[in-house]
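*Asks:* Here's the letter readout for the chains.
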Amino acid sequence: MSHRALFYAFCVCVVFASLSAAAEPDPKGIEFFEKNIRPVLAKNCFKCHSAEAKSPKGGLLLDTLAGMRQGGESGPAVVPGSVEDSLLISALRHNDFKMPPSGKLPDNVIADFVKWIEMGAPDPRGGDLADVQPRKVDIAKGREFWSFQPPQQVPAPQVIDKSWPRDDIDRFVLAKVEAQGLKPVRDADRVALIRRVYFDLIGLPPSPAEVDAFLSDNSPKALESLIDRLLDSPQFGERWGRHWLDVARFAESNGNADNTPFPQAWRYRDYVIASFNNDKPYDRFLMEQLAGDLLPADDGAPRNEQLIATGFLALGSKPRAQNNPDFQMDVVAEQIEVTTTSMLALTVMCARCHDHKFDPIPTSEYYSLAGIFTSTRTLFGGGGGKNVNASGLIALSAEDSQADQQTKRIDELTRRKREIDAELAQLSPPAKSAASAGNADQVKRLQSQIAKLTAATKKAKNANRKQQLDALKAQLAKLQSAANPSADHSKPIEGDAKAIESNVALLRSELAKVDSELSSLGRTAMASQGQAMGVAEGTPGDCQICIAGESQNRGDRVPRGVVSVATIGEPLAFDARQSGRLELAQWIARRDNPLTARVMVNRIWQYLFGRGLVPSVDNFGALGEKPSHPELLDHLALRFVAEGWSVKQMIRTIMLTRTYGLSSDHDVVNYGRDPDNVWLWRMNPRRLDAESFRDAILAVTGELDLNPPGPSRLPQYSKNQVPIVSDAGKQRSVYLPIIRNSVPEALGLFDFADPSIVVGHRDTTTVPAQSLYLMNSPFIVDQSRALALRLLGEGNMDDHALVDLAYRLSLVRDPSDQQRQRAVDFIARLDEGLKSTQASEDQRRLAAWSGFCQSLLASAEFRYLD
Amino acid sequence: MTGQRFPFMSRREMLKTVSGGFGYLALAGLCAEASADYQNPLAPKAPHFTPQAKRVIYICMRGGPSHVDTFDYKPALAKDDGKTVPEAGRDDRNRGNLLRSPWKFNQHGQSGQWISEVYPHVAQHADDMCIINSLWTDVPNHPQSFLMMHTGEFRFARPSVGSWVLYGLGSENSNLPGFITISPPVNLGGAQNYSSGFLPAIYQGTSIGREGGSVASAAIGNIQPKHLSPELQREQLDMIQSLNRDLLDRKEVNIELEGIIQSYELAFRMQSALPEVLDLSKESASTLQMYGINGSGPRAAAGGKKEGGGGGGTDNFGRQCLMARRLAEAGVRYIEICHSNWDHHNGLKERLGGNALQTDQPIGALLTDLKQRGLLKDTLVMWGGEFGRTPAGQGTNGRNHNSAGFSMWLAGGGVKGGLRYGATDEYGKAAVANKMHPHDLHATILHLLGLDHEQLSYYYGGREYKLTGVGGARVVEGIVA
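If you read the sequences in order, they're chains A and B.
Residue 173 in the numbering used here sits at position 173 of the first sequence, with consecutive numbering throughout.
Residue 238 in the numbering used here sits at position 238 of the second sequence, with consecutive numbering throughout.
Keep in mind the hints are simulated off the structure, nothing from the lab.
Don't be surprised by glycine CBs; every beta carbon is placed ideally from N, CA and C.
Take these hints with a grain of salt, some might be off.
Stretch-level coverage of chain A by chain B, calculated; a stretch enters the list once three of its residues show a Cβ under 8 Å from a Cβ in chain B [claimed, not checked]:
(1) 207-215
(2) 250-258
(3) 316-324
(4) 575-581
(5) 750-757
(6) 845-858
In silico lysine-lysine, DSSO-like type, Cα no more than 27 Å apart, as pairs [claimed, not checked]:
(7) B:Lys-416 <-> A:Lys-104
(8) A:Lys-183 <-> B:Lys-251
(9) B:Lys-435 <-> A:Lys-104
(10) B:Lys-104 <-> B:Lys-377
Calculated Cβ distances over 12 Å to all of chain B for the following chain A residues [to be verified]:
(11) Ile-89
(12) Ala-111
(13) Glu-118
(14) Ser-219
(15) Ala-395
(16) Glu-419
(17) Phe-862
Could you put the whole structure together from the sequences, leaning on the hints where they help?
*Replies:* Rendered as structure tokens:
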């Protein structure tokens with residue numbers, strides 16, 4: 001029996017012992033006990049088996065007569081007169097259990113115990129049994145716990161300052177603030193607000209032009225239209241999709257012992273991004289991930305999408321199957337873990353080996369869930385060496401009608417792209433290195449797309465493909481001529497520089513969208529006949545309980561089912577001919593599931609405020625934290641469901657509240673009473689997450705390429721040669737390849753979610769390795785140089801004005817006079833100091849400005865959100 | 001700056017993460033350092049009780065070294081050489097014919113410990129060594145067992161032993177990382193073996209070099225500025241810090257921000273401190289010679305494979321051992337060095353012999369050096385791999401994986417020297433007396449460091465996690481001095 005099993009043997013077989021009336025003890029017997037038995041017990045057993053022990057092992061107490069006679073979870077330790085039935089003796093002899101674990105007691109001591117039991121186990125001790133009653137899972141009582149109760153519609157409370165709230169959400173918040181004797185701080189200024197809104201919605205900073213436009217928009221709807229515009233931008237899904245990828249423990253390799261690549265995982269990533277961009281109703285989103293293959297869908301793209309969604313269940317990190325009889329159950333455990341933690345904030349996995357110790361979830365219900373997944377085939381690919389577990393993949397299909405539509409759309413977009421390019425050429429100064437580098441990237445990408453399409457066209461003789469190919473070729477020709485400009489660029493058109501700048505910004509942003517759609521269409525066309533990770537129906541059947549979690553030690557077979565404590569109303573009926581995933585999905589997505597909506601609105605709240613109303617976002621059980629604002633949580637959950645499970649609508653609603661718009665100002669009185677800001681008297685100052693930080697750097701240096709990269713950028717590798725993934729590249733961080741245990745440095749150093757486990761809340765750590773990265777890494781040094789080039793390319797501006805521009809680009813504000821002067825002095829000193837190493841004046845100037853730009857990018861302010 | 005600063009937040013945060021009764025001690029430790037508001041999470045923390053060891057050096061022998069050829073003396077194996085293995089049990093690997101060790105075992109020291117002749121230098125420390133012959137682990141495969149040894153779990157990603165230790169005790173040197181691993185393997189779980197898992201990232205191991213590479217030329221990421229001279233970088237850092245202080249003035253109170261400011265200064269110092277501590281050039285010629293560095297040690301016998309880099313001699317591992325001593329001396333809490341490959345399915349005589357030759361003199365020197373500097377008494381040194389090997393031969397000159405029984409040895413740091421603990425059966429097939437699982441080993445390591453493995457826990461995903469899991473690990477009191 002393994003080490004683990006030994007322990008669980010204590011926990012599983014719950015046997016109730018009846019207490020026989022104790023006979024009158026005889027004094028000789030008592031003397032024997034006091035001399036030979038009690039000291040041994042005290043010395044060797046009480047540490048783990050007494051009221052003193054923190055948690056008595058196996059529920060067994062040996063410090064009272066009653067505890068001894070009743071025994072632990074495995075049965076009575078001592079049965080007077082019967083050595084054979086006394087588990088204590090068997091344990092001392094190291095037969096079934098081995099006690100004490102540190103080594104057998106001497107034979108003569110064991111002989112004393114045998115003798116004592118044969119004497120009738122005389123024992124003068126008293127003691128109460130109350131503490132050792134085995135615990136039984138009481139589901140009816142469990143339902144009384146707050147998170148298993150249906151959300152209650154409560155009218156918004158009365159507040160003293162009636163002019164303050166904008167929405168009922170504000171009333172719920174202000175009522176608590178007032179009750180705590182706190183006072184909300186002032187509203188955030190508009191610069192802080194636009195920066196906050198940009199980072200929260202799309203994970204990017206606003207450009208100076210966008211800030212100016214917002215500041216000069218005096219309409220009362222300015223904030224609303226800003227929020228709407230950002231919600232509609234494709235960058236929204238890239239940011240909010242990434243939040244979901246954290247809890248879905250998304251990665252592109254297996255991790256664990258055999259870190260084989262998952263080359264199809266990117267499809268799931270793109271599915272998640274697209275789902276958030278399309279504001280797919282959240283209930284639908286969950287159902288697709290659990291049972292997309294079982295939901296009706298049109299052939300072609302819609303079906304593909306639903307199949308890809310089930311990648312959620314296949315992406316987990318799996319242990320090696322070789323010599324592991326528990327392998328299948330390990331995979332199932334991971335599936336149960338990710339499903340219940342991400343969607344329900346319940347830690348069901350504890351019930352794999354024993355009834356959940358804290359939440360009312362019996363082991364039998366764990367195996368009811370397990371039966372659903374053992375009836376499912378998990379298709380994750382993998383393989384790549386002997387001894388490495390491998391499985392198949394899901395085959396996707398493409399339909400001609402879809403290809404037709406794609407071709408049409410590609411033509412349309414290509415035309416528009418040409419127009420924008422022409423307009424931009426008119427407006428922009430001569431091509432800068434960054435722009436041509438961007439073009440070069442695009443040329444490369446197009447060339448590779450064309451190569452692939454040509455191959456596909458030859459094979460399929462598909463007319464639609466050919467049209468598509470022609471369109472792409474035309475685009476390539478256009479780009480190639482742009483990349484090698486031979487014609488003289490005329491001087492920029494005279495006129496209001498600001499107007500031009502904003503026009504250029506608008507055109508660029510449209511171009512980015514066009515490019516993005518073009519590239520994703522091209523990719524879909526190429527990849528739609530490919531494969532995806534996911535699940536499919538297996539052989540339906542109920543699962544036997546694995547006693548103590550051991551697959552080879554099976555108990556009762558339990559019917560498939562769900563967690564009953566979180567089920568309101570009738571229990572679910574399962575179709576025995578199916579796996580049960582559909583029923584599971586329907587149960588989670590039911591309007592009356594007490595957890596699903598609450599868990600998601602709480603996650604949304606956390607992503608916007610830095611702290612959930614329930615701070616333990618992944619645990620709504622007994623060990624989790626209680627909601628600070630239970631009525632508000634219910635209000636949000638009910639509103640979320642009533643508004644069609646629209647994530648965008650929920651975000652929009654919260655962002656328009658007065659509460660969200662508060663400044664992050666310090667306040668001595670409030671801080672003294674509520675230092676953690678539980679009651680929301682201000683906005684929490686927050687740090688940018690790893691992706692926003694890296695993307696913001698690329699954005700302000702002008703290097704960011706908003707085009708999605710196409711199919712995976714995962715490098716080819718053998719499982720034993722796991723590569724280090726570079727953080728270079730100009731696409732958004734969400735597209736960096738995520739290899740488990742080898743996450744790109746720019747992410748890993750800045751508290752990226754460990755992709756092997758469910759992470760609903762990221763840490764915010766401060767590590768010297770972060771500072772070293774900001775001081776010395778090639779990425780930061782290169783990007784600082786790019787920002788310097790961008791500044792120095794501006795032409796006729798003096799150093800003071802350039803410093804201002806650098807501040808506005810990076811910190812979204814102007815420097816103070818003192819800061820401006822300090823910057824100019826610093827640049828001059830660097831310039832001077834570089835004289836010995838940098839020959840030409842231009843190089844020196846560039847190096848000095850790079851040094852200054854690096855200071856801005858490395859400053860805490862750049863990473864802070866007010 | 002106006003307004004009073006409130007240091008409560010960081011302590012509150014600290015209490016949240018350091019749980020299980022340990023928080024109070026940590027808080028007391030923090031309050032003692034009242035000078036700065038910001039508390040470095042790596043600052044030394046009080047253990048649960050008086051420790052015997054302050055730091056750990058784990059000499060990891062990757063691949064599963066054969067116990068019956070090194071530290072588990074089995075005269076019956078020599079006697080019954082060639083006979084069929086009796087009662088092979090479930091594992092096929094133990095079937096076949098017994099294969100005697102090609103090496104002689106001799107007794108050493110006052111204690112008379114039996115040690116194979118492949119480890120003559122190490123054997124001189126027999127009286128300081130506690131040889132454990134009764135280890136066993138769950139699965140006879142490298143990846144699972146390597147992860148088990150390093151993280152106490154192989155099914156799921158969990159924090160490594162070094163991360164737990166650093167989380168529990170902090171670091172004694174604020175200019176260096178508190179957990180350093182030299183030449184770790186990239187497979188067998190790779191970075192998972194020194195990752196912090198769900199613990200805060202600050203507790204993860206810093207790796208230097210990669211398995212099989214030359215440690216003399218191993219680079220540490222981002223440690224040196226390439227674009228600015230140290231003087232100009234200091235200027236730049238002053239610029240960054242002035243921006244940070246401006247922000248702090250504006251925010252009035254922000255503990256995190258103070259952390260960032262301190263962390264920049266630490267990083268700046270680390271730029272010189274870490275390369276300096278790893279720079280062996282200032283060591284005396286006699287020290288270098290003792291460790292077998294610069295060609296001063298023996299070369300591997302002809303035919304021996306060049307394993308572990310360094311051209312088959314003692315140079316590469318000698319450097320690792322000397323670096324380990326320097327890191328220990330500098331106050332680094334948890335140090336791991338790695339030698340590979342000990343997976344001797346064939347070529348046992350040549351390859352195990354070659355490996356021993358590459359590691360014997362360096363390890364012997366490390367123990368001598370630690371002792372003469374007074375460091376051995378509070379430095380726990382551990383030697384061993386992820387499992388052992390079968391007494392049955394695989395072919396005529398190899399052995400297969402064996403997870404049912406294997407050996408490790410510990411020295412210093414509060415373990416009983418000159419002790420042989422536990423035993424395998426007469427041939428070394430399986431541990432039979434005082435069996436010890438990696439969880440027990442981990443519990444004991446924490447115990448020696450003054451940490452109660454039941455109390456050292458971290459709240460993640462809804463419950464408290466411990467290094468030693470829920471399987472009832474035990475501290476092996478029998479080896480504690």
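*Asks:* Run every hint past the structure and note whether it holds.
*Replies:* For each hint, the structure was consulted:
1. Counting residues of the segment 207-215 of chain A whose C-beta lies closer than 8 Å to any C-beta of chain B gives 0; at least three are required, and the coverage claim is violated.
2. Only when three residues or more bring their CB closer than 8 Å to a CB of chain B does the claim for the segment 250-258 of chain A stand; here the count is 4, and the claim holds.
3. For the segment 316-324 of chain A, the proposed coverage by chain B is satisfied: 6 residues have a C-beta within less than 8 Å of a C-beta in that chain, meeting the threshold of three.
4. Restraint check on the segment 575-581 of chain A versus chain B: 0 residues with Cβ-Cβ distances below 8 Å, three needed, restraint violated.
5. Under a criterion of three residues with beta carbons nearer than 8 Å to beta carbons of chain B, the stated coverage of the segment 750-757 of chain A is upheld, 4 such residues being counted.
6. For the segment 845-858 of chain A, the stated coverage by chain B is satisfied: 8 residues place a CB nearer than 8 Å to a CB of that chain, which reaches the threshold of 3.
7. Taking the CA atoms of Lys-416 of chain B and Lys-104 of chain A, the gap is about 21 Å. The hint holds against a cut of 27 Å.
8. Restraint check for Lys-183 of chain A and Lys-251 of chain B: satisfied, since their Cα atoms lie roughly 18 Å apart, inside the 27 Å limit.
9. A distance of roughly 12 Å separates the Cα atoms of Lys-435 of chain B and Lys-104 of chain A; the hinted pair therefore holds under the 27 Å criterion.
10. Taking the CA atoms of Lys-104 of chain B and Lys-377 of chain B, the gap is about 31 Å. The hint is violated against a cut of 27 Å.
11. Distance check on Ile-89 of chain A: its Cβ is at least 20 Å (rounded) from any Cβ of chain B, clearing the 12 Å threshold; non-interface status holds.
12. A cut-off of 12 Å between C-beta atoms confirms that Ala-111 of chain A is not in contact with chain B; the least separation is 21 Å.
13. With a minimum CB-CB distance of about 29 Å to chain B, Glu-118 of chain A clears the 12 Å threshold, and the non-interface call stands.
14. With a cut of 12 Å on Cβ distances, Ser-219 of chain A stays outside the contact zone with chain B, its closest approach being about 30 Å.
15. With a cut of 12 Å on Cβ distances, Ala-395 of chain A stays outside the contact zone with chain B, its closest approach being about 30 Å.
16. The Cβ of Glu-419 of chain A sits about 42 Å from the closest Cβ of chain B, beyond the 12 Å cut-off, so the non-interface label holds.
17. For Phe-862 of chain A, the non-interface assignment is contradicted: its Cβ lies about 9 Å from the closest Cβ of chain B, within the 12 Å cut-off.
This entry does not satisfy hints 1, 4, 10 and 17, going by the numbered hints stated previously.
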